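Enquirer: Listed below, chain by chain, are the residues.
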Amino acid sequence: MITGPTFTTAEFLLRPSFTALCLLCELLRPVSSANSSRSLLVIELNLGIRKMASTACFMIVSRNDIPIYEAEVGTAPKKEDAAHQHQFILHAALDIVQDLAWTTSAMFLKSIDRFNDLVVSVYVTAGHILNMLYIHTRLMLLHDSRNDDGIKSFFQEVHELYIKILLNPLYLPGSRITSSHFDTKVRALARKYL
Amino acid sequence: MDPANSTLGRMLLDEITPVVLVLRTPLVEESSQKNQLSFIQMLSPFCNFNNIDVPVRTASDQPYRLKKFKLRLFYASDIRQPNIEVAKERLNQLITDAGEKDLSNLCSEPLQIESVLNCLLAVSSRDEDPINKFVDLFNINQLPSLLNDGSMDPKMLKHFVLVHDGVEVPLERATKTLAEMRSTFGANCCHLLCINSSKDGSEEHENLWSAYKTDISHGQQLRCFLSSDDLDELKKFVQDLSSKHIIPHMEQKIRLLNQQVSATRKGFRNQIKNLWWRKGKEDAPENPAGPTYTFSSIESQIRVLGDYAFMLHDYELALSNYRLLSTDYKLDKAWKHYAGVQEMMGLTYFILDQSRKDGEYCMENAFTTYLKIGSSGQRNATRCGLWWVEMLKARYQYKEAASVYFRISGEELLHSAVMLEQASYCYLFSTPPMLRKYGFHLVLSGDLYKKCDQIKHAIRTYKGALSVFKGTTWRHIRDHVHFHIGKWYGFLGIFDVAIKNMLEVLACGHQSKTTQELFLKDFLQIIQQTGKTYEVPKLQLPVINIPSVKVVYEDHRTYASQAAIHVKESLWRSLEEDMIPTMSSKSNWLELQSKMLPKKFKESNICVAGEAIGITIEFKNPLQIPISISGVTLICEHSSAVSEPNANNSIGEQNGETSNKSATSGNFASDTSSFTLSEADVALGEGETVLVQLTVTPRAEGTLKIVGIRWKLSGSLGGFCTFDTDLVRKKVMKGNRKSKRSTFDNLKFLVIKSLPKLEGFIHHLPETVYVGDLWCISLELKNPSKIPVKKLKMKVNPPRFLQIGHKEDLEVQFPACLERKSSRQSSLRSKADKVSDGIFPFPEDTSIADGTPISWPLWLRAAAPGKISLYLSVYYEMGDISSVMTYRTLRVHFNIEVLPSLDVSFQISPRPSRLREFLVQMDVVNRSSSKGFQVHQLSSVGNEWEISLLEPTKVLPSDFLLAGQAISWFLKLKNCRSVTDQESASSLCPSEKEDVNLLSGSEMLFDLYSSPLSEFHHYERVHQRISDQEPFYAITLKMIVHNSSDDVVSIRCSPSDSAVNISSSGTTSAASGNEVGWHDLSLSNDIKITPDTPGTRVVKPMSSDTVPPFIWSASSSTHFTLESLSSRETPMEICVFSPGTFDLSNYSLHWSLSSQSVDRDESRTSSGTCQGHPFYITVLQQD
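Keeping their order, the protein sequence lines are chains Y and C. Under full-length UniProt numbering, the final residue of the first sequence carries the number 194; numbering is consecutive throughout. Under full-length UniProt numbering, the final residue of the second sequence carries the number 1183; numbering is consecutive throughout.
No lab work stands behind these hints, which were simulated from the structure alone. Since the structure is predicted, the reported quantities are computational estimates derived from the model, not experimental observations. Careful, some of the hints might be misleading.
What the hints assert, rightly or not - Capping the alpha-carbon separation at 30 Å, the derived lysine-lysine pairs in DSS-like fashion look like this:
(1) C:K451 x C:K463
(2) Y:K79 x C:K500
(3) C:K253 x C:K34
(4) C:K513 x Y:K78
(5) C:K372 x Y:K110
(6) C:K451 x Y:K79
(7) Y:K78 x C:K34
(8) Y:K192 x Y:K78
(9) C:K67 x C:K372
(10) Y:K78 x C:K521
(11) Y:K78 x C:K67
Unchecked claim - Sample of chain C residues with no beta-carbon within 10 Å of chain Y, all distances over it, derived:
(12) Y75
(13) D332
(14) L435
(15) R436
(16) K437
(17) G439
(18) R475
(19) I580
(20) K782
(21) F840
(22) M922
Where is the CB? At the ideal position from N, CA and C, for every residue including glycine.
The following block holds chain Y by itself, in its conformation from the complex (with noise of 0.2 Å):
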């Protein structure tokens, strides 16, 4: 199942302070002054990047195309067309996650669809592999940025919010997530990810 390098947990989890702290020490060292500005530049360029407006809309869409969850996760200034814009390209997309999702057994389809500048990736649950499960729901995401790797982990965290909402008993599956509790935590993971 695990495939690439495998760490010990402690391994793991000194991994990324410890790039920091080299991060830390390439910036303190005094010598190379020149070297030490090029790397402030490149965190500066990252900011900024960040800080840009993103537009970004996540649905998801259970059987018979019935959408199930929607939220805006962009920072960009919401517009007043935004809202049915988005909804009609997702909707749109749908087609080609169809013929897609039998023809490969990857999960994470991105990019699949684009209008303009929006891409649209779709993240297909498990559900399509075990057609017999009534489960066959499609995290959609409609994005502007490139961000790959990123948006990969997005839907991987909130397929397990997703999963964690399905294991509710009080949950019919194929309903609306009126929980708050998930809207926050999808948000959460969409400033953290996107």
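Given chain Y, work out where chain C should sit, using these hints.
Expert: Relative to chain Y, chain C alone:
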């Protein structure tokens, strides 16, 4: 599929054909106009050859026969760079006119390089000096600028035609002129064309010209001077022109050019040279349009060669030349030319039907190149894209075609709208059909149409999209589509459809506030424009919560206040159980009246004429903006007579047939006399939910049905909703539900004659009282009707708080009435009066009528703190026996809040010195928040105790015990019962000693045996006893008995208490005789057979004086019959008093065959007994 037969193939063969330039004198035109045709129009039907069959040779001398050929004729003035503005206008015009359009040809324009290879010069025979005219025509003529500026070859093939108008000029003159022409221009290229030889102009032909003359409607016959000979001649002329002149000329030219090209460009040497030469040009200043090529340049020659080859269907040759050319253009950065050649390559690939990928690559290349060169290439790009789309369509690649259409759509709005619409159709045709994409692109196209003021087209596309989006749960999409369709229909003035669509989006709680405002504003605007008030059946604003509908009506049960209505029916039932006549409340009077009332109405409710039926409905505003609702009323149907019992469908219809009068509110305003409706106006705030109370008051007897509810939104739009339809839907959805009395069954009423109805009020009711407060309140009963009511009875609950007083209590002074009198008479009397079950009958002669009220006192004592609900029910019978209802009940309910006051606790310790005396410490704490109390008196109830203060000093500093203060008294309690029990009667304490006055300065003592106090004291003690009782637990068990025999048996199960022990080993033999026929039924459900006579069990006999730790608390024995081979569960219950482990086997089972089986077979045992199986249960102590 043969690409030549596809739409694109045919289009290519039609469009990429030689062009003939027509130069004519005005007189030629005039002659042809006699037939209402221009000269070109006259010729064009004959220019299309489907089977011309001309032998042609390729450049490499391969012979083949050309089958399909076409000439295109143009006037000199029409050959020019196409005017963009004109084309735009034409497109606009077309789209405005078009209901249905053939779009694919609409945007295509002549190819970039036209090959004008023939010039047809026509001079009328009427012209003076025709020879000079011919010369003039070609010299001074307004030759197209393209010919003059060098991009076209001016040396083209010329052909001279003398048009001879048969009517005006004699033939001899024409032939003479022809001879002259022949001598001047050469014999081959001169021709005489005779037209208009018919004299009367009545010649009729098939509609040859209909395809070429669009401005003439089809039915209209052309006045035609062309005889059939003329037509034949025209045909022959054109055929000769093409087969004898044009095609051979082209063939010749191809050979010539091919040789040239081979000489200069083919071969290794030439290629190297070419490359070198091109390289050198690189540093030349870049021309944005690319280099210009004259017709004589080698590039143009190659292009002409390719085009000619294409036209003569020699595609291989064309392709090779195009390929050669495209590299040249690319090196020259002549992008427009490059794209043009690429485009032609793509088309050639298509016609050849080989290498699809290459074809598509070429088209893609051409398309992107056109786009790259900016606005000048935009239109070329469009044309190229259209070719490309057709190519894809011909190969059923609709999905790809759609995306190309999407790419074609550029900045021009109308143009893009058309393209997007085409894209959507492509999505529809693709397999599998991509419906969502179809809908989306239709919507996109509709938006653009709207921007170009093509509202009808916009609506058409949106309606197409609606077929996809109908009923979608994607709410923003649904709202967008419906709202825009509605709005646009509103523009067009088709209001009913507009409103229908707008209604769909009204309940848009998920939209933003501004959107909601916009929706509502536009909607109301449309409504206002209609100038009418609309009534719509499913208005979603406000949302009506139909399951929330509550019906309140009064049959025999009447209510004094709103509060009484909301009390649970079961509570009232239990209160009234003993009061109302013994038969079940409903059947009682219905059975009496069963002859009068049809059976059908046993199900429906009864209400009394003149008494309002109330309905409570929840209105919810789903929006974030306030809305105003006015004129909310019920819709009711009333029929004045009781209709026949089999009518279970529409009452209204039935009544229409059977002359019974029926009235539906709103429809017949005249007949509203049979009932009156209340009207309510509601203002709903943002997201607010409001309960609306409506009433209908029937005025006449008959049946009344509440059908629905109507209201007006913002004063202009009426909405109504019926309750029944929803009921039906619900039933269908949930299947046949068993609950008989749903809300909706309650909407049908049988209205009976008006009856007296008691009204009840409580007077002097305090809102809040303190614990222990005693109040005298009075119940006032009033009957506004003439008919008296009598036989009044009353019951109150809970008795600990509320007691019914005596008539004279109303007059007495409170609290003086409670003062101790000298004798005990009063208390004794009150006890005698007391009715055991708590029902208080009013005096026999009580009769209330004509609005004169009677009052009755009630005592209220706040026994415990908290919010207390008090219930009171008055039963009364009608004075008038003939009425349908004989009795009614009045239910009164009110709440009081009881605040804590004094907390009293006692500590009693025996006095060591005296045997029969006790020391009592009484601690009193004031628990109230602000109020001070006086402690007045302490009394002992019962006759055995004497109480007195230990030291008669005044302990309290002030008279009042203030809030939060505590105080203690020390008292002496003495048992004055004498040592010998027998003389209890004489040893009663003197009554003075029972009470202690704790308040100095007041000598007044209260009599604890006086009327309300003693009753309250009684109930208080009952309450205390109940709450002090030791708890016990009931455990329910289940015994399963299975009859495995073939006969019906009857079973008796008798649980025995300790007294019924059939045990001890000695009695085994006696018992075993009967103990047959029982088998264990194992719990795991498979039947195990145990020996017929089970071993006798020893049940430990219990000593008779010990109380058993549990008892069988259900019925003493159960008796039932069991069918053969069937099982039955019998419930059993034990009550456990103390913890421990108990054996529950002390019951016995008896079985016997039922009587008829016994008769049949004597030899078998007919009965048997067995002891209970050991079953142990452990009861734990509760923590």
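Enquirer: Can you list which hints this structure breaks, lowest number first?
Expert: Structure breaks hints 3, 7, 9, 11, 14, 15, 16, 17 and 18.
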